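K.L.:
Position chain B against the provided structure of chain A, taking the given hints into account.
Below are the chains, spelled out letter by letter.
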Amino acid sequence: MAVSQFFSKLIPTDLFAGLRVTGGYFLRKKETVQFPEQRREPTERFRGLFSYDVDRCIDCHLCARACPINIIFIRDHAEYEEIDGKKKKKLVVDRYDIDVKRCMFCGLCEEACPTHPKSVWLTTKTYEGANYERNEELYFTKERLMSWDGIKAFPGVVSPAQGQEPGNLAGTKTGGGEAA
Amino acid sequence: MQAPLIQFIVIPIVKIVVILAVVLLVVAYLTFAERKILAYMQVRLGPNRVGPKGWLQPIADGLKLFAKEDLIPAKAEKAVFMLAPAMIMVPALLAFSVIPFAPATDLFGLLPKAMPPYVTDINIALLFVLGISSIGVFGIILGGWSSNNKFSMMGGLRSAAQMVSYEVPMGFAIIAVLLMARSLSLVKIVEAQQAAHLWFFIPGILALGIYFICGVAETNRNPFDLPEAESELVAGFHTEYSGMKFAFFFLAEYTNMLVVSSLATIMFFGGWLQPFPNVAWLSFLGVIPPVIWFAVKVACFIFVYMWFRGTFPRYRFDQLMQVGWKWLIPLSLANLVIVGVGVLLVKG
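Those protein sequence lines, which keep their order, are chains A and B.
Under this note's numbering, the first residue of the first sequence carries the number 3, and numbering increases by one thereafter.
Under this note's numbering, the first residue of the second sequence carries the number 5, and numbering increases by one thereafter.
Honestly, the hints are just simulated from the structure, not real lab data.
One thing to keep in mind: the hints can contain errors.
Stated by the list, open to error - Here are some of the chain A residues that sit facing chain B, going by a computed Cβ distance under 8 Å:
id	residue
1	Leu17
2	Leu21
3	Gly25
4	Lys32
5	Glu33
6	Asn72
None of these values were measured; they are calculated from a predicted model.
The beta carbon of each residue, even a glycine, is placed where N, CA and C say it ideally should be.
Just chain A, with the same shape it has in the complex (with noise of 0.2 Å):
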């Protein structure tokens, strides 16, 4: 046995590469994000909680239909107006609910929406939806996707009827990525 394998038998040197591999990350800078105090910066195409924007709405049913564990609820009745002497038919959205305690916010609904912009959108950083009461506080109705009422909002983000718009879509040309 060589002289120098005899001595790493016995001084174990590997133990100290062991340590200095761990007074490294002592002295590293923390990775630690001391969340209420500091926020991470969610992504442009971050899936965040819903926004819904009812006078684009043209009820077509389709981000109910997209749904794959049918969560959106929508109820609507039609009115008939009299424009240049005919009678048009036009769809007016009574109730749009989203059961978002049930969501796993994979933005089917939204990718569905034919509307530009979109309808329904999930584009909102918005995250913080813990809660302590599940049925009613995680239920949305209409008016709670349109007005974030109890909500607490990605810092900067506006609720809907404040005027904020979809951040990223999915499809059309002012989308971040696809300008350039």
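P.N.:
Showing chain B alone in chain A's frame:
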């Protein structure tokens, strides 16, 4: 009051109370230090929410443990079960009665004449500390046995085997220091290092290594924490303990770490001495009180303890025995011969 009464009753009691309070406070904050250091090694921040920067965390932990329910298992051996935490805590604290953390001082002129701040300096102090700290293993064994739990029992047995195997090389490592210091008194050992113009870790580097490895094993710390191996034995000998009894086991472990670190400081790093005490141009270091030097050196050892915990995986039981009997004992015997010959050559 009469002079002997003051000298033999009042002064020792004051010293004991002060030392106990300081040691327990330091031990409580060692838990905080451990959590912080481990967190830093894992690129986390660690506890920083209770009080400014988390500095009240140990106090919050203590209050929580006081408020916990004190459970005794129905089939436990009640008397022994209650006694075991005390049996491990008392020897750990008792060792501090002989640890000299500073030389005789008059507290910046407050006292009429210089007085040693440690409780006592007996001429067999080192033997006393070794003996006392060996008693601590009874607390672990009895605690494990009286819980009437197979995990606790296994933990206690492992602890006994470990203590027995690692006390031998530790003793040999200490004998190397005794050869150089020619005394068992801890104060004399420090004074011998001052007189020799040399801290004993330079001639005794091998003894220091062996002593510290054995010290880690004696205190059941990583990588030798088999008695409380979480993955195999739940928590080992203290699985069934809760509340303040559990806290006693925990505090005893940290107190033992402090004892081992203090002994290492005294035997190898000149105790309370400043670096190079006999070099004239470094005498400005004497501005810092000796007790601070002592604390800094002990803190370095404690840091190494936690560094080990953050780095090494646990030994397997047969590996543990192999390291103890096949590696450390021959090494410590060889070291003894080398140091013995060296002492003969130097002192004649």
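K.L.:
For each hint, tell me whether it holds in the structure or not.
P.N.:
Now for the hints, and whether the structure bears them out:
1. Interface restraint check for Leu17/A: the shortest CB-CB distance to chain B comes to about 7 Å, inside 8 Å, so the restraint holds.
2. A cut of 8 Å between beta carbons decides the hint on Leu21/A: the least distance to chain B is about 5 Å, and the hint holds.
3. Interface hint status for Gly25/A: upheld, as the beta-carbon distance to the closest one in chain B is roughly 7 Å, under 8 Å.
4. At about 5 Å, the closest approach between the beta carbon of Lys32/A and any beta carbon in chain B falls short of 8 Å, and the interface hint on this residue holds.
5. At its closest, the beta carbon of Glu33/A sits 5 Å from a beta carbon of chain B; the interface hint therefore holds under the 8 Å criterion.
6. This hint is violated: Asn72/A has a C-beta 42 Å from the nearest C-beta of chain B, more than the 8 Å allowed.
Comparing the model with each numbered hint stated earlier shows that hint 6 is the single one that does not hold.
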